[in-house]
Amino acid sequence: MTVLLIIALLATGVAGTVVALTPDPQRQAVTLSVYGLLLGTVFVLAAAPDVALSQLSVGTALVPLLVLLTVRTVRRRGGRSGGSGSDGS
Amino acid sequence: MSRLRLVLFGLGAVGLAVLWVVATTGLPPVGTDVHPYRDAAVAAAAAHATANVVSSINFDQRTFDTLGEETILLASVVAVTTLLRPADDERVEPPDPPPAVLPATRLAGWALLPVTLLVGADVVLHGHLTPGGGFQGGVVLATALHLLYLAGSFPALQWVRPTRWAPLLEPAGSGLFVVVGLAGLVVGAGFTAEFLPPGVLGAPLSSGTVLLLNVVAGVGVGAAVVSLLGQFLRQEIVIGPGAAP
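As given, the protein sequences belong to chains W and L, one line each in that order.
Residues in the first sequence are numbered from 1 upward in steps of one, following this note's numbering.
Residues in the second sequence are numbered from 1 upward in steps of one, following this note's numbering.
Hints are supplied without guarantee of correctness; some may be wrong.
Just a few of them, taken from the derived set where beta-carbon distance is under 8 Å, the chain L residues facing chain W [to be verified]:
| no. | residue |
| --- | --- |
| 1 | L83 |
| 2 | P131 |
| 3 | V139 |
| 4 | V225 |
| 5 | L233 |
A short list of chain W residues far from chain L (calculated; beta carbon distances all over 10 Å) [claimed, not checked]:
| no. | residue |
| --- | --- |
| 6 | V14 |
| 7 | V19 |
| 8 | A29 |
| 9 | T73 |
| 10 | R76 |
Hint data in this document are derived by calculation from the structure and do not stem from the laboratory.
Computed from a predicted structure; not experimentally measured.
The C-beta atom is built at its ideal place from N, Cα and C for all residues, glycine as well.
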């Protein structure tokens, strides 16, 4: 169980880094979803199924969906394209 | 610019690291059998016949905290509804004919709709017995409704008119939460105090107000998520930029 927990924790850390390093918000929504799934696994392994359920429903399904819808609407409106990553320095 | 951000991040990271070390050095060691909070929480949950101790903490021992979370949801729904209403330079237009959806996707959407509704209701109604509760179940119920959209039936989703009833149902759920809390003040020991007969531990109808608050929170959260998603979908599908003035 401890080994599984360590593996899940490491995977979550890697996934979190991947989310942070994904430049495009649209792709970020997908990596965020995967990260949420892994975090949910950590919660299950840590004997916290209640939190895992919340994490799965909100972090894996709801937030990425809202991000995707927002990105789509902004792009469709002809919002500034390529607004990913560069902070207009 | 990005240098400044890096410096800011560095300061924050150092601050977090210092505070984290200070905070964790004072903690009792992990993995021992000494859990003062667990002992108190489990005893309190058993006293009110709530099999799921987490639910007991959320909806009995720290109900006021949960009321705050419910209020945050209400605030976000109000904010989204206000911000995403059609602006002056936008107009509501009939939705484009939905893109062709694979028959398999359509079938999956329709087949999963009743299953998801059932699972959502189950998670809400058994929140006092098994993992879950009003918050998780409410989100499941809300996503069930949006399987209609996934099945390519935006007209069906519009027919349900989520943006009409959901923004009313969400404050109703939050309001009933407060009403149950006030009932505790009138009948019981104080605001959000337990006032219903607790029943037998593990029975479907047990745990007194925990079950009631779970149902009320399930209605509120479900309606909140439905109206949030509904507003975002509506913005995406039927609200278009109006003619340039």
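Against the structure, the hints come out as follows:
1. L83: Violated: closest Cβ of chain W sits about 11 Å from L83 of chain L, beyond 8 Å.
2. P131: holds (4 Å)
3. V139: This hint holds: V139 of chain L lies near chain W, its Cβ roughly 4 Å from the closest one there, short of 8 Å.
4. V225: holds (7 Å)
5. L233: holds (7 Å)
6. V14: Per Cβ check, V14 of chain W is outside 10 Å of chain L; nearest 19 Å; holds.
7. V19: holds (16 Å)
8. A29: A29 of chain W clear of chain L: closest Cβ-Cβ about 13 Å, beyond 10 Å.
9. T73: violated (5 Å)
10. R76: Violated, since 7 Å does not exceed 10 Å.
When the structure is compared with the earlier hints, violations turn up for hints 1, 9, 10 and for no others.
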